[in-house]
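**Q** The whole structure should be built from the sequences, with the hints applied where relevant.
According to my numbering, the sequence shown holds residues 6 to 709 in order.
Everything labelled a hint here was simulated from the structure, so no lab data went into it. Please note: incorrect hints may appear among the correct ones.
Derived pair list, reagent style DSS-like, types lysine-lysine, alpha-carbon separation capped at 27 Å [to be verified]:
1) LYS301 - LYS247
2) LYS247 - LYS180
3) LYS497 - LYS55
4) LYS247 - LYS197
5) LYS68 - LYS249
6) LYS519 - LYS497
7) LYS197 - LYS180
8) LYS79 - LYS250
9) LYS497 - LYS79
10) LYS301 - LYS250
11) LYS55 - LYS180
12) LYS301 - LYS331
13) LYS301 - LYS380
14) LYS180 - LYS79
15) LYS250 - LYS706
16) LYS247 - LYS55
17) LYS249 - LYS79
18) LYS706 - LYS180
19) LYS79 - LYS706
20) LYS79 - LYS68
21) LYS180 - LYS250
22) LYS706 - LYS247
23) LYS68 - LYS250
24) LYS519 - LYS180
25) LYS68 - LYS497
Pair by pair, the computed Cβ-Cβ distance ranges are [what the hints assert, rightly or not]:
26) TYR591 - ASP533: 21 to 29 Å
27) VAL218 - GLU574: 48 to 56 Å
28) LEU491 - GLY310: 38 to 46 Å
29) TYR296 - LEU343: 14 to 22 Å
30) GLN203 - GLN524: 48 to 56 Å
31) ARG638 - SER559: 52 to 60 Å
32) GLU574 - LEU491: 21 to 29 Å
33) TYR415 - GLY593: 40 to 48 Å
Glycine included, every Cβ here is placed at the ideal spot set by N, Cα and C.
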Amino acid sequence: MTSRLRTHYLSRVIWVYGWFALGAVTNSYAAELALNDMLNMSLAELLDVKVDVGTRSAVEIQKTPGIVRVFVQKDFERYGFRTLQDVLQQMPGYQINAARVGHSNLFIRGVQGRSTSKILLLIDGVPMRDLFWGNFNVDEMINLAQVERVELLNGPGSVLYGANAFAGIIKITTKSEGRSIEAGYGVLDSYKDGETEQHHFQQVVVEGSTDHVYGFAEYYDSEGFNPERNRSGELDTQAQRKHKKAAFVKYNNNGLTALASVNDYEYPYTLSDTGNEREFHREPSYASVQYQHEDKQGGSYHVQGFVNRSNLSRVDDSYTDEGDLKRHRIGYRNGWLLGLDADSSRRWGDHQVTFGLSWLRDEGGRHENVSYNYKNGALSSISSSNLLLEDPSRDDIGLFVQDLWQFNRYLSATAGMRYSYLSDFDNQLTYRLGLTGQYEQWYSKLLFGTAFRVPTYRESLKLYDNPLIGRNLLKPETLTTLEAQLGYRFSKADINVTLYRNSYNDFITDLPTKSVNGQYLTPDAPEDGDEYSYNLDEINTFGVELGGTWYPQSNFSLRFALSALLTAEETAGLQPENTELLVDWYAGTRDLGFLSEYTASLAAGWQISPRYRLGASVYYVGARSLTSDYQSRIDPELRNASNADAYTVFNLNATASLYQNWALSFYINNLFDTRSYGQHMQDPTEYDIENAGRVLGVYLKASY
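**A** Written as C-alpha cells, this is what we have:
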C-alpha cells in the first residue's frame with residue numbers, strides 16, 4: 006500500500022478513536038441501559054432457545070428434529086453482523102462462493118448449484134426468489150437492522166414447506182418495534198495491476214414504531230469492490246456499483262400481522278467480457294396477511310396469504326473497439342408468487358399433531374430480451390426475443406401431517422409426511438422420521454428425511470434459437486438425508502457434533518450441447534451450441550459438523566463452527582441417446598469440484614462495559630477441489646492455480662455509546678486485506694472470482 010493510502014487509513018482510524026475518546030468523557034444513563042440489556046440476559050435465556058423452523062411450532066432447539074441454529078438481534082450486535090452473509094459464514098456445513106452473475110452461491114453439505122434455488126429463503130413466511138434462475142441475494146439486499154431473528158435448518162425441509170426446501174431453509178423474522186436513525190460511510194479496497202484502489206459507500210437506515218406498527222426504510226449506495234481480472238483473466242475496468250432503496254411496514258395486533266415490502270436493488274454482473282458491461286436490477290415487492298392463535302389447551306392454528314412480485318432485469322451494454330455503444334439490451338425476467346398456507350396443532354396426551362395445507366402458484370410475467378442497436382452513435386434498430394418457450398403457470402398443492410410424540414421425559418419422536426400435487430411435474434411424497442433424546446446435560450438427535458426441488462424456468466422452459474427443441478422434460482431432484490447429532494450442555498456452554506450422509510438423485514446440471522433430437526440448439530452456429538439441462542444419476546456426500554456456543558461470562562460470548570466434507574462424489578450415469586454434447590460425457594463416479602474439504606469459523610463478542618462493546622470474527626475456507634478443465638480457456642501466462650488455495654479472513658468491530666441516545670460503531674472486514682478467490686460453477690474454464698478486499702465502515706446511530 007502506498008504511503009498516501011496508509012496516511013488515508015491512519016487518519017480515518019484516528020478519527021474513529023477520537024470519537025471513542027469523546028464517548029469516554031460523556032455520560033448517558035439511557036444509552037447505558039440500552040447497551041446493558043445483553044448483560045441482564047441470564048445464561049439460561051441465552052442457551053434455552055425455542056425455534057419453529059423445524060416443526061412449525063415453538064420447540065426447544067435440543068428437541069427439534071433436524072439440525073437447527075438460530076441467531077437473534079442481540080447476536081448481530083455482539084458479533085457486528087450487518088448482512089445475512091455475515092451470519093451464514095458462521096454456519097457449519099455452509100460454503101459461500103461468489104457467482105459470476107453477482108449473487109453469492111450457497112453450498113450446504115456439498116449440495117451445489119449455479120443459483121441458490123436449492124435453498125428456501127422465507128421472510129416472514131413469504132418465499133423469496135426469482136422464477137427464472139431461482140436466485141435470492143444474501144449480501145446488502147437483506148439488512149439485519151430490520152431482522153429480529155434468523156433460524157437456519159441444515160438438511161431437508163420439504164415435509165413442512167414443500168418444493169425447494171431442499172438442502173436447507175433460511176427463515177427470517179422481521180422486527181416489530183424499534184426507533185432509530187443510522188448513517189454510515191465506508192471504503193473498500195480493490196486492486197489493479199499492483200496498485201490499491203479505494204471505493205466508497207454510504208448508507209442511511211431509519212426505523213420507527215408505535216404500539217402496533219413498525220416501519221423501516223433504507224438507502225444504500227456503493228462504488229463496489231472491483232475484481233482485478235475479468236472472466237478471461239484480463240485486467241477488468243467494469244464499474245461494480247451497487248444501489249439500493251427499500252421500505253417496509255408491519256402491523257401487528259392480537260395475533261394478526263399484515264406487512265408490505267418494496268425493494269429496489271441494482272448490482273453488477275461480477276465478471277463480464279471485455280467490451281461488455283452488465284448489471285442486474287432486482288425489484289421484489291411482497292405483501293402478507295397472517296393470523297395466529299394459541300388456546301389454553303396448548304393448541305394453535307395459523308393461516309397466511311401472500312403475494313410476491315419478483316421483477317428482475319439484466320442490462321447488457323456492448324461497445325465497439327473504439328468505445329462507442331453498439332447495443333443496449335434489457336432482459337426482463339419477471340414473475341409472481343401467490344400463496345396460501347394454513348396449519349393447526351393440537352395436543353392429545355403425549356402427542357402434538359400438526360395438520361397443514363398449502364397452495365403455491367408461480368406465474369411467469371414478462372420474459373423477454375429487448376435490444377437497442379446503434380450504428381455511428383445513432384439508434385439503428387430495435388429487436389426483441391422471448392426467453393421462455395411458453396408462458397408458465399404452475400401450482401403446488403401440499404397436504405402434510407406431523408406427530409411429535411413425547412415418550413417420556415427423556416425421549417421424543419417425530420414422524421411427518423407430505424403429499425405434493427404438482428401441476429407440471431410428477432407428484433411427490435416426502436417424509437421424515439426423527440428421534441431426540443435428553444439425559445441430564447446430554448442430548449442427541451437422529452433423523453431420516455427426504456426433500457425435492459422442481460426445475461426452474463430456465464432449466465425446463467428455456468427457448469433456444471431453434472424452437473423445435475421444445476420443452477426440456479426434466480424430473481424434480483430428490484434428496485435423502487440421514488443425520489445424527491450428539492451434544493452436551495455445560496452450565497455456560499453448548500457443544501454438539503453432527504454426522505450426515507446425503508444421497509442426491511436426478512440432480513440437474515447444465516452441459517454444453519450441440520443438438521437434441523437431431524435439432525441444433527444454435528442453428529446458425531452449431532459448433533457453438535448452448536447449455537442444456539440434464540437429470541444425472543446421483544451425488545453422495547458425507548461429512549461432519551461441529552458447532553458450539555460458550556458464555557464464560559454474561560458479558561462475553563463465543564460461537565464456533567467446524568466442518569469437514571469427507572466425501573463428495575457424483576455419478577452421471579448413461580448419456581441420453583438423443584443428445585450430442587460439445588464435451589466428453591463421463592459416465593462413472595468422480596469427485597465433485599468447487600468444494601472445500603474443511604471450513605471453520607469463530608465469532609466473539611465482549612461487552613467491555615455498559616457503554617463499550619468489542620466484537621471479532623474469523624472464517625477459514627480450505628483449498629477447493631478443482632475440475633480437470635480448470636482455467637483451461639485462460640491464456641497460460643495468466644493462469645494462477647494458487648487462486649484455489651485456502652484462505653482465512655479476520656473481521657473486527659466496536660461500538661461506543663455517546664451523548665444521550667447516540668452510539669458510534671465501526672467495523673473492519675478482512676482486516677489483513679487477504680486476497681482470495683472463489684471458483685464459479687458457471688464455467689470453470691474461466692478465471693476465478695476475486696473476493697472483496699479490506700472494508701472499513703463507520704456508523705452513527707441515534708435512538709429515540
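**Q** Compare the structure with each hint and give your call.
**A** Against the structure, the hints come out as follows:
no., hint, result
1, LYS301 - LYS247, "violated (50 Å)"
2, LYS247 - LYS180, "holds (25 Å)"
3, LYS497 - LYS55, "holds (17 Å)"
4, LYS247 - LYS197, "holds (20 Å)"
5, LYS68 - LYS249, "violated (40 Å)"
6, LYS519 - LYS497, "violated (61 Å)"
7, LYS197 - LYS180, "violated (41 Å)"
8, LYS79 - LYS250, "holds (25 Å)"
9, LYS497 - LYS79, "holds (17 Å)"
10, LYS301 - LYS250, "violated (43 Å)"
11, LYS55 - LYS180, "holds (17 Å)"
12, LYS301 - LYS331, "violated (69 Å)"
13, LYS301 - LYS380, "violated (74 Å)"
14, LYS180 - LYS79, "holds (12 Å)"
15, LYS250 - LYS706, "holds (19 Å)"
16, LYS247 - LYS55, "violated (37 Å)"
17, LYS249 - LYS79, "holds (25 Å)"
18, LYS706 - LYS180, "holds (17 Å)"
19, LYS79 - LYS706, "holds (16 Å)"
20, LYS79 - LYS68, "holds (23 Å)"
21, LYS180 - LYS250, "holds (18 Å)"
22, LYS706 - LYS247, "holds (23 Å)"
23, LYS68 - LYS250, "violated (40 Å)"
24, LYS519 - LYS180, "violated (51 Å)"
25, LYS68 - LYS497, "holds (19 Å)"
26, TYR591 - ASP533: 21 to 29 Å, "holds (22 Å)"
27, VAL218 - GLU574: 48 to 56 Å, "holds (53 Å)"
28, LEU491 - GLY310: 38 to 46 Å, "holds (41 Å)"
29, TYR296 - LEU343: 14 to 22 Å, "holds (18 Å)"
30, GLN203 - GLN524: 48 to 56 Å, "holds (52 Å)"
31, ARG638 - SER559: 52 to 60 Å, "holds (56 Å)"
32, GLU574 - LEU491: 21 to 29 Å, "holds (26 Å)"
33, TYR415 - GLY593: 40 to 48 Å, "holds (46 Å)"
In this structure, the hints that do not hold are numbers 1, 5, 6, 7, 10, 12, 13, 16, 23, 24, in rising order.
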